[in-house]
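Asker: Quick mapping for you: the protein sequence lines, in order, are chains X and P.
Count the first sequence with the working numbering and you get residues 7 to 195, in order.
Count the second sequence with the working numbering and you get residues 7 to 195, in order.
Take every hint as true, because none was put in to throw you off.
All copies of an identical chain are treated as equivalent in the list; a pair is satisfied when it fits inside any one copy or across any two copies.
Here are the simulated SDA-like pairs of lysine to any residue, each with C-alpha atoms no more than 20 angstroms apart in a straight line:
| hint | residue 1 | residue 2 |
| --- | --- | --- |
| 1 | Lys54 | Lys76 |
| 2 | Lys54 | Glu194 |
| 3 | Lys179 | Arg159 |
| 4 | Lys179 | Leu144 |
| 5 | Lys24 | Val114 |
| 6 | Lys148 | Gly56 |
| 7 | Lys23 | Pro150 |
| 8 | Lys24 | Asn147 |
| 9 | Lys23 | His180 |
| 10 | Lys76 | Met53 |
| 11 | Lys24 | Gly186 |
| 12 | Lys72 | Gly56 |
| 13 | Lys148 | Leu135 |
| 14 | Lys24 | Glu194 |
| 15 | Lys76 | Arg51 |
| 16 | Lys54 | Arg75 |
| 17 | Lys76 | Gly56 |
| 18 | Lys24 | Asp170 |
| 19 | Lys24 | Pro149 |
| 20 | Lys72 | Ala189 |
| 21 | Lys54 | Ile71 |
| 22 | Lys23 | Thr188 |
| 23 | Lys54 | Leu77 |
FYI, nobody ran anything at the bench for these hints, they're computed from the structure.
Listed below are the residues making up each chain.
2 protein chains.
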Amino acid sequence: MSKYSEEAKRKRRASKKKGLVIVNTGNGKGKTTAALGVLFRAWGRGMKVGVIQFLKNSTARYGEIKAARKLGIDWVSTGDGWTWTSKDLDESAALARHGWQLAQERIVGGEYDVLILDEFTYPLHFGWLETEEVIGWLRENKPPMLHLIITGRYAPDALVEFADLVTEMVEVKHPYRDQGITAQPGIEF
Amino acid sequence: MSKYSEEAKRKRRASKKKGLVIVNTGNGKGKTTAALGVLFRAWGRGMKVGVIQFLKNSTARYGEIKAARKLGIDWVSTGDGWTWTSKDLDESAALARHGWQLAQERIVGGEYDVLILDEFTYPLHFGWLETEEVIGWLRENKPPMLHLIITGRYAPDALVEFADLVTEMVEVKHPYRDQGITAQPGIEF
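The following block holds chain X by itself, in its conformation from the complex:
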């Protein structure tokens, strides 16, 4: 086959539109922040956007929750104040399962153009939700044009495999560790 027809084929394929499954993972900054950037952009186009926030409590997301409220963007916080040192993991697991239920309702509801499942990799990573079940459910139930953005470290391999677009945020330099600078309001939360 000639190079030309390969090119034409590529261009035809490239006109395909679909709702993407996007995963922002890695140990660096910018996973949630990049998802918020998409929210901003999509909101600018008049698209219906929403956030379901897993695990972290509201105060850790102060700036963005305030912005979402001002803009009339749906923002649901399903998590407790879970941290890496949490003792009561049963409680966190139950909250994560509850969050996934809410997410499922919103996904099948069909009213969203873009939905963010913030920090959703953790319940998968910790086994509070079965990754294969979640993916199987999404495969059956996600409306074709819905963009779904999943953030968090440790994205399971099966999720990476399932996703359309996966970016790893890699920490090159970090002000906390390297210079002892505290988290800055408006920048990090």
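Fit chain P to the known structure of chain X by using the hints.
Answerer: Here is chain P on its own, set in the frame of chain X:
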């Protein structure tokens, strides 16, 4: 020195507040998008935010420019429709230098809390601006509490050295190349 006093010292240091120089670089998605997420977050806190966009023309940033306009966020497009295959690089270089002048005015003006220099790494990388001069100028003139976010591939080493927080966005999986899917409005622009 005991572990305890080290910990106390670390905590004292960690209370330091300052305007960060943040660089989002790498070949992956999410460099500009994460900067927009910070914009969204900072705007939510009532901070004064602005964007100076280098190189790309306005249509490539349609969703975010529309959002910025709706929210009364300053957005200046200084670039032409520069692409990787541009012939007229003199023109692009002149526009980049003009953009840097505008950026300098806004930086010393002192009215911003967060300023994004979008795609600013390119004029540095291509030598249209002298990286050492730019850094020297910032060292002298950047208001201490101003957060400056610089995006783009090929961040020069000296800029990485100068910055407080550097993240590399690494492409793990990309729908264009892997599946022939077109850029999605609201998601990528």
